[in-house]
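Colleague: With chain Z's structure known, arrange chain A on it following the hints.
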Amino acid sequence: MAIRTKPDPDPGGKAVDVYDPVEFLRTLVFNYGEELKPALVRLLLNALVDISHARSKRVRDRDLPVRIGEYTNSLDMRLLIIGLPYDLHSPAFKIIYDALSKHPTFIEVNSSSTTDFNPKPFVRYNYGKFIWYADPFTRGDEVRPPREPKISFEIRGCELKRKTARKPYHAPEPPEHRAPKRHSEKEWAENRVHILRFVESLKDACGYKRLVKIIHDNFGIFVYEENSPEFAQYGLIRLSSSFDDKPVAVRILIQRNLDDRLKYVVLAHELAHYVLHFPMLLLSQLIEQLSWAIPELEQYYLQLISTGQPTPLEQIEEEADDLASFFLIPPWIRPLKKITGMILEGRRSPSPEEMVWRFLQPLFPEDQFAEFGWNDLDEIRARALRDSIRVASGGEDAPKSLFYRMLGAILRVEKGMLEEITEPQPRADWVYENMQQVLQEIGNRDPKDARSFLKGLSDRNAFAEGNTRTDFAWSNASFCRELVPPLIWNGIDLYPRTPLDPALYNPAGLAEGDWKIRAYQAESPAGTLQEWREWKPDHGLVLYRLESWQRKYLARL
Amino acid sequence: MKKTKIQECLVTRDNFMDVLALDQAKKFVRDRDHADGLYRVIVEVLNRTDSRKLSQANASSHDLALRIPGTGIHVRLTNLLRDSLRDIVLCYLLLMGHGIEQPALASAALLTHLLQNLSKLRKDVGERCVVESIGEVENPTAESICTNLLDVNCRYPTGGCQFMVRSAICGLHLSATKETLAGLESRKIVEKILAVEPYSWRVTR
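For the protein sequence lines, the chains are Z and A, in the order given.
For the first sequence, numbering that gives the first Met the number 0 begins at 0 and goes up steadily by one.
For the second sequence, numbering that gives the first Met the number 0 begins at 0 and goes up steadily by one.
Think of the hints as simulated: they come from the structure by calculation, not from any bench.
Quick caveat, the model's predicted, so the values are computed rather than measured.
Do not take every clue at face value.
Okay, derived cross-link-like pairs now, DSS-like style, lysine-lysine, Cα gap no bigger than 25 Å in a straight line [said to hold, decoys possible]:
id, chain 1, residue 1, chain 2, residue 2
1, Z, 208, A, 25
2, A, 177, Z, 162
3, Z, 515, Z, 535
Partial list, derived from the structure: chain A residues whose beta carbon lies under 8 Å from chain Z [said to hold, decoys possible]:
id, residue
4, 62
5, 145
6, 172
The C-beta atom is built at its ideal place from N, Cα and C for all residues, glycine as well.
The following block holds chain Z by itself, in its conformation from the complex (with noise of 0.2 Å):
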C-alpha cells in the first residue's frame, strides 16, 4: 500500500496523504451503537502509543494506517468496522487487537474486501508521529481531534485514488494448430475441431487483442477493422472470390467505431458464423457468381432466408450467438445452476439468470456494476431479474444493445436449447439443403430455362407465403456491393448483372470512376459506369467497391 503527500495543500491549507487503492483489509468488527466511535477511537489511540512507546524497532518503526467504515449485513445487523493494513507485522496487530477486542460490542477479526465497507482512512501513525486526518475545507487550527495527553497529532488531509477496473480478462493457452490462409470445405472441418477444441479450453473470456490474433496466426482467418461509412454493420464474415473452386481465404471485418470489449463480442459472433456456417458461405459465394447470369437464384436464395418465423437467416444469427456467448462465459463453467447451486448468499442461492448478469458486467462498457461489493448485492439482484425477464420477453420495446443480445443468447443456451458444444449442428441446414438440390437441377438446364424454373419456384414460395416474387426483387445495396437497375428495365424483371469492380486507378469505386469486369478471364478494358450501362443496356449493373483495407493495401503499391 502506497501513501504519498500531494504537492499541492487543500482548500483547508492542509497537506494531503493520496491512498492508493488496497483491495482487502485486516478488520475488526464491532455492533454498531451511537457512542461507540469516541469509545473505539480512545482505545485505538492508546493502543498506537503503546506501538510507538514499544521496545521492538520493528514494532515501533512502521507506517499504520487506521481506517473506518460502516456496513449492515444481511441479518439486519449494523456493523462498525476498524480496518488495519492486510500484511500488518503480528506483534503491532496484537497490540491493537488485545486494545480493542476488550470492548463488549466487539464481535469478530476478519478479512475484508474494501469495495464491502468503503473504509476511510482517519488516523496514521508515521514512524513516530501522528496524522490526523480532516475534512478538506476546515483549516488545520481549527480542526480538534481527540484529546490525548501522549499525542500531539499533525492534520492533514486525506484523498483516496479510485480503484481502476480490473480487465476482466485472461491470456488462454495458445492453440498449437496451424492452420492454412486459404480453407476449403476439407481444411475448414479439420480447422472448426480445433477452434471448438480452442473454446472449450477457454477459463475465461481472452480479450480482442488475444483474439485477433489467434484466429489470424492458428486458424488462417484475416481480420480487420473497418471505418467506411457504409458499414453499417458490426461485424461481416466474407469468403474471397473464387472462379475454380480452390481454397478460398475469410476474413471478418470489425466495425471500428467500438470499445476493444464489444468488438471482442463481435469478433466471437463473427468466427462462430465460420465454424457453424462456412458450407453455407461457400454456397452463397458460388450463388453470388451464378447470379451474375441468373439473377433469380439470388432471388430464390434471398426469399429462402427471409421467409418464416423465424426466418432461416434469423437462426443462423441466434446460432452464432449461442456459439460466440461461449467466449464470454465458458464451457467449464456451464451450466450454470451446477455452480449457483453451491453458492449461498444472503441465505439463499442466487439464480442462474443472475450469475449470467453477474459474469457479464465486466465484459461490457459502461454499467457501474463492472466492480461491485456486497453492499449492492440487493440492486443487482433486482437489476438482473429485471433484464432477464426484458430479454426473455421480447417484442419491439425489448431494449436493444449487444449487452442484451448476449445476455439473451447465454440464458438460450443456459436453458439447453444448444447441444454440446463439441457438436454444433446448424438448425437452418434445410436452406443449404434445398438449395444444393436447385443447384443441381438448374446445372443440367441451358441458363435461360434455369431462369424460368426459379421464377416459377419463386413464385410458388411467395404465393405460400402471402408475398409477390418481386418482394425480392432488388436488394440493391450491401457492404461493398450495389445493385444497378439496367437502363431498359420494366420495373419488375430481373436482368442479367454485368458485375463491375473499380479499376486499379480508381480504388475509391467513384461512381463516376472507371470500371472493370470482374472475371478471372482476360482483362477487361476499364471504363466509366455510364459506359459500361451504355454497353448493355438491357444488364443490371453489380458494383463491388473495395473495403478500407484493400484501399489502405492498393495505396502503398
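Modeller: Frame of chain Z; chain A shown alone:
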C-alpha cells in the same frame, strides 16, 4: 475563417458515447437504462437536424453480417453539433438530479428551458463549470462542487476563466463557489433543494 471539420460516422446505442466524444456521459451515465434514455434523446435531437440519416444494412446473399441491434444512424458530425450534444448530456444529468427516473421522457419544453439556461452561463466566471458539477456530483453541496472542480484540469482552457491558475488548473475555492451559486440563484438558474445547511443545489425547471 476557421474551417469546420465535418466527420461522417456511424452512431449506435453501443458506441454513441465514444463516437460523439461525450466524455461527461461516459463518466456519469453509468447505468444501462439511463444510457438507453440518453441515446433516445440524442437520436431525437439529431432527428431534428439535417445531420442524421438512418443506416440500412440490407441482406446480401454472399456474406453474414452482425447487424446493429436497435437503431443505428449516420451522423455528419460538426464541432457545433458536438457542442450541442454535450449540452444535451448536461441537461440529461441535471434532470437526473431532479429525481426524474426517466429523463428521456421529459418534455421538449423542459429540455428547451434547460438549454436556454445553459446558454446564459458564462465560462469566464466559472458559472458553466459550477452548473456542470451540479449534474456530476452525488450530493451537490457547495463543498462537493468545489471539490469536484478545484485543483483539476480546467474544463474550458480557452474560455479565459478568472479562476484558472498555473497551466490550466482550476482554482475555484469554496467561497467563490458559494458566491457563484448565490449569483446563479438570484438569476433563477439554480435553486436550493434544502432550506437548511448544508444546502444542496439543483437547476430550476
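Colleague: Is it true that the CA of residue 208 of chain Z sits at most 25 Å from the CA of residue 25 of chain A?
Modeller: It holds: about 23 Å lies between the C-alpha atoms, which stays within 25 Å.
Colleague: Given residue 62 of chain A as an interface hint, is the shortest Cβ-Cβ distance to chain Z below 8 Å?
Modeller: 4 Å, holds
Colleague: Next pair to validate is residue 177 of chain A with residue 162 of chain Z; report whether the Cα-Cα distance is within 25 Å.
Modeller: Given pair residue 177 of chain A, residue 162 of chain Z is violated - Cα atoms ~31 Å apart, limit 25 Å.
Colleague: Hint residue 172 of chain A vs chain Z: min CB-CB distance below 8 Å?
Modeller: 6 Å, holds
Colleague: Using 8 Å as the Cβ threshold, decide whether residue 145 of chain A counts as touching chain Z.
Modeller: 7 Å, holds
Colleague: So if I understand the rule, the pair passes when the alpha-carbon distance is 25 Å or less; does residue 515 of chain Z with residue 535 of chain Z pass?
Modeller: The hint holds at about 14 Å.
The structure does not agree with numbered hint 2 stated previously, though it agrees with all others.
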